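*Asks:* For reference, the chains in residue letters:
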Amino acid sequence: MGFIYGAATFSRYRVEGSLPPDYIEEFPKKILRYGFRNLDDLPNEERSAGWVRILDMFDSAFETMEYFKDPYLALSWRVDMKKIPKKALLQYCREAEKETKQREGLEYIPKPRKEEIREAVRSRLLKRAIPQSSVYNTVWNLQTNVVLFGATSNKLCDEFAEFFRKTFDLLLIPVYPYAMGRRALEISGRDPDLVNGIPPLFFQEELLP
Amino acid sequence: MSVFDEVREHESLGRDFLVWLWFRSETLDGVFDLGDDGEVELWFEGKITLQTDGERSTQTITCTGESARIREARFALREAKKVTRARLHLKEGRDEWSFELDSTWLNFHSLKTPKTFREKGEDPEALFYERIFLVEKPVAIMSALFLRYLEARLSPTWEAEEFPSLIKWVREGVSP
Numbered sequence: 001m002g003f004i005y006g007a008a009t010f011s012r013y014r015v016e017g018s019l020p021p022d023y024i025e026e027f028p029k030k031i032l033r034y035g036f037r038n039l040d041d042l043p044n045e046e047r048s049a050g051w052v053r054i055l056d057m058f059d060s061a062f063e064t065m066e067y068f069k070d071p072y073l074a075l076s077w078r079v080d081m082k083k084i085p086k087k088a089l090l091q092y093c094r095e096a097e098k099e100t101k102q103r104e105g106l107e108y109i110p111k112p113r114k115e116e117i118r119e120a121v122r123s124r125l126l127k128r129a130i131p132q133s134s135v136y137n138t139v140w141n142l143q144t145n146v147v148l149f150g151a152t153s154n155k156l157c158d159e160f161a162e163f164f165r166k167t168f169d170l171l172l173i174p175v176y177p178y179a180m181g182r183r184a185l186e187i188s189g190r191d192p193d194l195v196n197g198i199p200p201l202f203f204q205e206e207l208l209p
Numbered sequence: 210m211s212v213f214d215e216v217r218e219h220e221s222l223g224r225d226f227l228v229w230l231w232f233r234s235e236t237l238d239g240v241f242d243l244g245d246d247g248e249v250e251l252w253f254e255g256k257i258t259l260q261t262d263g264e265r266s267t268q269t270i271t272c273t274g275e276s277a278r279i280r281e282a283r284f285a286l287r288e289a290k291k292v293t294r295a296r297l298h299l300k301e302g303r304d305e306w307s308f309e310l311d312s313t314w315l316n317f318h319s320l321k322t323p324k325t326f327r328e329k330g331e332d333p334e335a336l337f338y339e340r341i342f343l344v345e346k347p348v349a350i351m352s353a354l355f356l357r358y359l360e361a362r363l364s365p366t367w368e369a370e371e372f373p374s375l376i377k378w379v380r381e382g383v384s385p
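Line by line, the protein sequences give chains A and B. Under the numbering used here, the first sequence has 42 at position 42, and the numbering climbs by one with no breaks. If you want the numbering used here, it's the 1-based position in the second sequence plus 209.
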């Protein structure tokens with residue numbers, strides 16, 4: 001579901017500043033550098049996020065520059081996450097601690113050692129866990145400098161904006177009513193502060209004229 | 210000031226925009242004049258979320274379905290409830306879209322575009338361009354409508370003409 005298929009849910013951003021003049025040469029390097037990496041290649045990581053082709057979430061090799069779809073730059077942001085259920089981690093840790101005690105003839109395991117055991121268990125369980133994948137379409141209109149991002153949750157959007165900044169060295173400014181108002185007034189040569197003078201509407205009888 | 214603080218401080222702008230859209234869509238038979246960009250039709254499809262800001266919590270009411278419930282939603286405006294989200298239907302020429310718009314960011318939710326000429330798997334590049342055009346179009350139209358709202362609020366005729374009509378609509382709805 002997203003911009004290409006199905007119903008689309010999305011937020012909007014304006015890219016601050018202008019495109020670097022050498023973007024056609026530079027962006028492919030940046031996209032490849034921040035391309036998605038499988039969690040299988042990152043044994044101790046629970047989460048991996050990166051760019052994939054908009055039309056194929058399994059392709060982050062980018063052998064061609066087909067993401068340049070004039071005037072757009074179209075990619076998907078893929079986020080994979082492995083989750084270890086808390087109780088399962090607890091159970092495996094208890095078992096590992098018990099084994100350690102027996103093997104080493106210990107009565108008590110000190111806290112730093114417990115941490116080591118927990119980390120080893122977590123790492124072992126992570127290798128067995130199957131990641132959950134989410135893919136968010138991202139379409140940047142290079143002419144208008146507006147980015148459409150296929151999600152609306154504040155936390156995810158913040159993370160995406162940060163990832164975009166890391167990749168392209170460009171800041172994303174969210175689009176929202178107040179900013180839209182200020183910008184429109186500015187473009188039409190009026191004082192953007194006029195928008196501050198618009199009072200909220202109230203319809204309670206006691207407040208009406 | 211952070212973006213989130215700014216959004217919170219000026220959240221009435223988006224909420225009141227949705228009320229104005231609702232009012233104008235009912236009183237103008239859903240027709241909006243966008244000047245050089247022609248006319249569009251827009252109407253509320255029956256799902257409106259209203260919220261009251263209390264000191265401790267927020268109360269949300271969602272009105273869906275038939276017109277009696279929508280009337281109820283309009284009455285709720287008189288009880289200090291604010292529109293925070295609505296399902297809209299937009300029509301420009303032969304193209305029609307349906308989507309939910311939230312008041313905080315004016316984000317689009319579950320946007321259904323007109324049918325594309327191409328099916329899934331058939332000429333993906335062409336499908337991409339067709340779909341993006343159909344996604345960008347309602348975004349541009351809603352931005353234009355927001356600017357219309359802004360102009361209306363800043364207009365010297367707001368207090369004398371438009372606001373009294375809006376109050377009348379909140380109280381009485383549309384005359385048959």
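What the hints contain is simulated information worked out from the structure, not anything from laboratory work. These figures come from a predicted structure and were not determined experimentally. A virtual CB, placed ideally from N, CA and C, is assigned to each residue, including glycine. Be aware that a few hints might be false.
What the hints assert, rightly or not - Now the in silico label distances, taken between C-beta atoms and shown as ranges:
| no. | chain 1 | residue 1 | chain 2 | residue 2 | range |
| --- | --- | --- | --- | --- | --- |
| 1 | B | P333 | A | M81 | 21 to 29 Å |
| 2 | B | L363 | A | R33 | 42 to 50 Å |
| 3 | A | E205 | B | F213 | 46 to 54 Å |
| 4 | A | P71 | B | E331 | 18 to 26 Å |
| 5 | B | E368 | A | L32 | 21 to 29 Å |
| 6 | B | R217 | A | R33 | 42 to 50 Å |
| 7 | A | R190 | B | P333 | 27 to 35 Å |
*Asks:* Starting from the range 27 to 35 Å, see whether the pair R190(A) and P333(B) falls in it by beta-carbon distance.
*Replies:* Violated, since R190(A) and P333(B) (Cβ atoms, about 44 Å apart) do not stay within the stated range.
*Asks:* Measuring from beta carbon to beta carbon, are P333(B) and M81(A) in 21 to 29 Å?
*Replies:* 28 Å, holds
*Asks:* Does the Cβ-Cβ separation between E205(A) and F213(B) fall within 46 to 54 Å?
*Replies:* Violated, at about 33 Å.
*Asks:* If you check the beta carbons of R217(B) and R33(A), does the distance land in 42 to 50 Å?
*Replies:* 36 Å, violated
*Asks:* Take a look at whether the Cβ-Cβ distance between E368(B) and L32(A) falls inside 21 to 29 Å.
*Replies:* 57 Å, violated
*Asks:* Return holds or violated for the Cβ distance of P71(A) and E331(B) against the range 18 to 26 Å.
*Replies:* With a Cβ separation near 23 Å, P71(A) and E331(B) satisfy 18 to 26 Å, so the hint holds.
*Asks:* Between L363(B) and R33(A), is the Cβ distance one that fits in 42 to 50 Å?
*Replies:* Since L363(B) and R33(A) have Cβ atoms about 46 Å apart, the given range 42 to 50 Å holds.
Hint compliance for this structure: hints 3, 5, 6, 7 are broken, all remaining hints hold.
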